[in-house]
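With these hints in hand, go ahead and build the complete structure from the sequences.
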Amino acid sequence: MSPHIEVAAETIGTIFGFPITNTLIMVWITIVVLAVFSCVIYRGMSIVPGRLQNIFEILIERFLGMMEGVFGTRDKAEKYFPVIATIFLLVLLSNWMGILPGVGSIGLSVIGGEELHGEERFVPLFRSTASDLNFTLALAIISVFLTNIFGIAAIGFFKHVSKFISIKSPIDFFVGVLELISEIAKMISFSFRLFGNIFAGEVLLVIMAFLAPFLVPVPFLGLELFVGFVQALVFAMLTMVFISISVSHQH
Amino acid sequence: MNEFIHNFGIDWKLLLAQAINFTILLFLLKKFAFGPLMKMLKTRREEIEKGITLTRDAEITMKRVNEDREEVLLGARGEALGIIQKAEEDASEKRVGIVQGAEHQAEKMLDEAKRRLEEEKGKIKDEVYKDTRELVRAATVHVLGKMSASERDEKLIEEALKELKATYK
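So the sequence lines, in the order shown, correspond to chains A and B.
Numbering that gives the first Met the number 0 puts the first sequence at residues 0 to 250.
Numbering that gives the first Met the number 0 puts the second sequence at residues 0 to 168.
Derived by calculation from the structure, the hints in this document are not laboratory data.
Among the hints, erroneous ones may be present.
[Stated by the list, open to error] If the Cβ cut is set under 8 Å, some of the chain A residues that face chain B in the computed set are:
| id | residue |
| --- | --- |
| 1 | Ala-7 |
| 2 | Thr-20 |
| 3 | Ser-37 |
| 4 | Cys-38 |
| 5 | Ile-46 |
| 6 | Pro-81 |
| 7 | Val-82 |
| 8 | Thr-85 |
| 9 | Leu-89 |
| 10 | Leu-132 |
| 11 | Leu-136 |
Idealized CB from N, CA, C, for every residue including glycine.
Below, the structure is given as structure tokens:
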């Protein structure tokens with residue numbers, strides 16, 4: 000049986016007319032893992048840190064230090080840290096969990112949809128979250144949306160909107176139009192960059208496992224770990240930079 | 000466009016679900032992980048800063064206290080020296096007074112003794128005169144025997160005694 004590659008996430012079932020895809024199941028698992036992890040940290044938290052808390056504090060401190068370099072002040076860095084760190088952790092864990100054995104290989108045999116004309120086909124129960132454009136597009140929209148919300152909150156509604164709609168001079172007007180287009184371009188580049196990388200990684204792993212099931216896929220698994228990390232970092236860093244530009248006063 | 004959306008499986012319901020998922024995760028992490036951890040970091044940083052400030056203050060205070068103590072000690076030493084000096088001066092002054100008083104007293108006593116001696120001497124002299132007179136009289140009476148003591152004799156004796164007295168004085 001040759002590997003079947005589907006660009007869109009497969010629907011497992013529906014609840015009240017709401018489609019449940021395998022990537023949706025995966026994102027729920029990711030969120031549960033993160034929630035459990037944060038609860039463990041929250042429970043064992045003390046002013047004199049334990050080992051786990053120490054590791055997280057060092058990571059947070061580093062991350063905040065980097066953000067301080069971009070935002071300029073510690074207060075601003077601390078204000079926007081939760082959003083950016085959440086994006087980073089969610090994307091990172093999603094990507095890494097997509098490499099776990101069982102993801103893409105455990106599944107159901109269902110009678111296919113209209114394209115397969117009633118033929119039986121294999122549907123994986125789990126699929127790497129970011130290999131679904133719905134996830135990456137939702138994240139991209141949230142990122143761009145929050146960027147503008149933070150901009151409005153930081154410098155005021157009219158000042159922020161004047162970046163996009165300005166009738167002061169023809170140059171300003173066209174710059175505003177370009178800014179508007181760039182906001183949409185941001186969403187597309189955000190979503191397709193992450194989707195493309197992770198989907199390509201999935202396809203690569205499937206093909207490798209199909210061609211040579213033993214040993215050969217191992218370096219590619221390592222590569223996917225790295226790509227997953229880099230993509231999470233890129234998504235978070237770009238969001239951070241866009242927010243920092245949006246909340247700063249422009250002249 | 001529709002073809003594109005269909006091929007990538009984009010569904011507004013799924014988009015909404017993912018957005019809600021992200022919001023829930025953001026809330027959870029902020030509430031249970033990032034918030035408390037950042038607060039903890041801030042608290043610890045503030046506490047360390049407070050500790051450092053306190054230490055610095057304590058050091059400054061200790062330095063000042065030491066300086067003050069040194070100053071007080073120096074003052075006390077000077078004062079003590081002054082007191083000792085004054086006491087010595089007082090003592091020497093008083094010694095002179097006491098010695099003078101003693102000398103004065105001694106002189107006075109000496110004078111008194113002398114005066115008493117003179118008095119005694121006078122008294123003894125008087126008594127000696129008296130005795131002598133009686134003696135001479137008795138002797139005269141004895142010598143002259145039963146001779147009647149005329150007034151002339153009496154006068155003679157008086158005169159002789161007067162002369163005697165004059166010579167002794």
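Outcome of the hint check:
no., hint, result
1, Ala-7, "2 Å, holds"
2, Thr-20, "6 Å, holds"
3, Ser-37, "4 Å, holds"
4, Cys-38, "6 Å, holds"
5, Ile-46, "6 Å, holds"
6, Pro-81, "4 Å, holds"
7, Val-82, "7 Å, holds"
8, Thr-85, "5 Å, holds"
9, Leu-89, "6 Å, holds"
10, Leu-132, "4 Å, holds"
11, Leu-136, "6 Å, holds"
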